Amino acid sequence: MSFAEKLNKGSFVVTSEIGPPKGTEVEKMLEEAEVLRGMVDGFNVTDLQSSVMRLGSLAVCHLLVERGLEPIFQITCRDRNRLALQSDLLSAYVLGIRNVLVLTGDHPILGDHPEAKPVFDLDSVSLLKVASTLGEGEDMKGNKLDGKPEFLLGAVVNPGADPLELQLMKMEKKIEVGAKFFQTQAIYDLRKFEEFMKKVEKYKVPILGGIVLLKSAGMAKYMNEKVAGVSVPERYIKMMAEAKKKERPRISIQIGAELIKGIKQLCQGVHIMPLGWERYVPRLLEASGLA
Amino acid sequence: MLVMQVKPEEEILSRVWGRRVFIFECFGCREVHFPEEKIETLVEKFKEKVIGKLSCDYLCRREFVQDYINEYCQEIERAEIILIFSCGVGTQVVSSLLEDKIVYTACDTLYLNGFQGLTVQDFNCNQCGECYLNYTGGICPLTNCPKGLLNGPCGGAKNGKCEVNPEADCAWELIYNRLKKQGRLNLLKRVFPPRNYQKIITESLLRKGV
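Chains as they are written, first to last, in this note's numbering: chain A, 1 to 291; chain B, 1 to 210.
Incorrect hints may appear among the rest.
Here are the computed lysine-lysine pairs in the PhoX-like style, where the Cα-Cα straight-line distance is at most 25 Å [stated by the list, open to error]:
1. K221/A - K244/A
2. K161/B - K221/A
3. K198/A - K101/B
Keep in mind the hints are simulated off the structure, nothing from the lab. No experiment lies behind these values; they were computed from the predicted model shown.
Kindly produce the complete structure, drawing on both the sequences and the hints.
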């Protein structure tokens with residue numbers, strides 16, 4: 001069953017993430033995806049994540065399609081103007097890609113080419129609208145298309161954002177222009193996530209709660225300090241700090257599983273962002289009762 | 001050179017209609033291209049509701065404007081809408097000094113070259129030709145947000161600070177706070193279409209030969 005079918009049916013869905021390599025060597029990345037075959041319903045493929053130049057999301061999505069794995073094509077507004085974005089959506093469709101996750105994208109200054117021109121001709125809301133319009137058979141200027149790309153469109157939301165009201169206003173706009181599912185920023189505070197879910201229940205749109213495995217106490221502290229809307233509770237930081245280096249993956253999986261079990265009670269799916277720890281995802285899913 | 005154009009008449013009239021209006025009109029750069037006649041004809045249509053008008057040079061000079069505001073404080077207090085005829089910088093200056101008031105710009109700024117930096121101020125105008133200040137509480141999302149986003153924050157701000165420039169406050173949080181204070185958060189519900197870059201008069205279009 002496809003990701004879209006499962007979502008529509010109301011089943012609990014699991015997605016993971018693939019970061020394309022910096023270069024052309026794709027074997028390792030494909031092996032990491034292969035390990036999760038049958039365990040996840042879709043693979044997000046990041047679009048020059050953190051504004052670091054690397055292999056493109058479009059090509060990697062196509063490689064997954066060829067292998068019978070279902071990609072979720074992440075597309076950001078950082079690097080392409082409205083012509084290129086629309087064209088790439090058409091390209092994605094003919095390459096067999098059916099799910100698209102639309103994001104604004106990080107600013108180039110945060111990546112490895114900080115001198116680059118930031119494009120942001122469209123933003124996440126206007127690009128979603130454009131993608132919806134393409135799906136109806138017209139480009140954003142109203143010109144007719146010969147064959148239309150009908151995607152399942154998704155977007156992101158940050159349940160820990162402050163002020164949350166402002167975040168929800170943007171979420172509402174995304175729904176208004178065609179977002180059919182949401183993946184969230186990493187969740188560590190289930191009570192806060194529950195409050196968020198109560199606020200967004202009325203939208204009746206599937207939400208996939210984000211999971212990032214903690215690799216160390218230092219990583220948790222860094223995220224608390226730098227990453228928007230992320231607050232790792234002291235309890236988890238302490239667990240990671242007390243674990244010996246060898247034990248960390250086990251403790252991290254224990255924390256992740258606890259969060260996934262909690263998320264499972266609150267929303268329709270989970271989105272795992274392994275950030276290099278792809279090899280631990282099967283164990284995480286097993287520990288969460290999802291494998 | 002300053003090039004401004006007055007926003008469509010229907011748009012301005014729909015904003016001011018039936019409300020007590022106080023007008024700020026900037027003449028600092030008018031010798032260049034200030035649509036003075038058009039403004040006069042327009043204001044004539046709602047003149048009975050105009051409770052005060054302040055014409056000055058260089059609305060971009062904050063200290064100056066503060067003095068004028070003190071002088072006209074009673075009329076400004078009574079006004080339900082402050083209508084600005086100036087470039088985007090002037091509008092931002094007045095908005096920042098009258099945070100509780102609805103400040104509405106009647107102009108789109110197309111071109112400011114040679115005038116930026118003439119007076120020292122904290123605000124900048126992107127000369128986008130389709131001024132957004134009326135929807136954002138007088139805080140420009142183009143010059144204050146590094147991504148120039150029109151539909152809300154990117155989500156990267158931490159503790160109210162911009163991810164790209166941690167020294168600066170997130171422009172969208174500033175916009176949210178100001179509109180919330182004014183009870184006008186509904187303005188943020190609108191889905192803004194992408195910018196129209198054709199509105200910009202570029203150097204190349206204006207240049208008449210080397």
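Now for the hints, and whether the structure bears them out:
Simply put, K221/A and K244/A have alpha-carbon atoms about 17 Å apart, close enough for the 25 Å limit, and the pair holds. Distance hint between K161/B and K221/A is fulfilled; the C-alpha atoms sit about 18 Å from each other, no more than 25 Å. Annotation: proposed proximity of K198/A to K101/B is violated, straight-line Cα distance about 34 Å (limit 25 Å).
The earlier numbered hint that this structure contradicts is number 3, and it is the only one.
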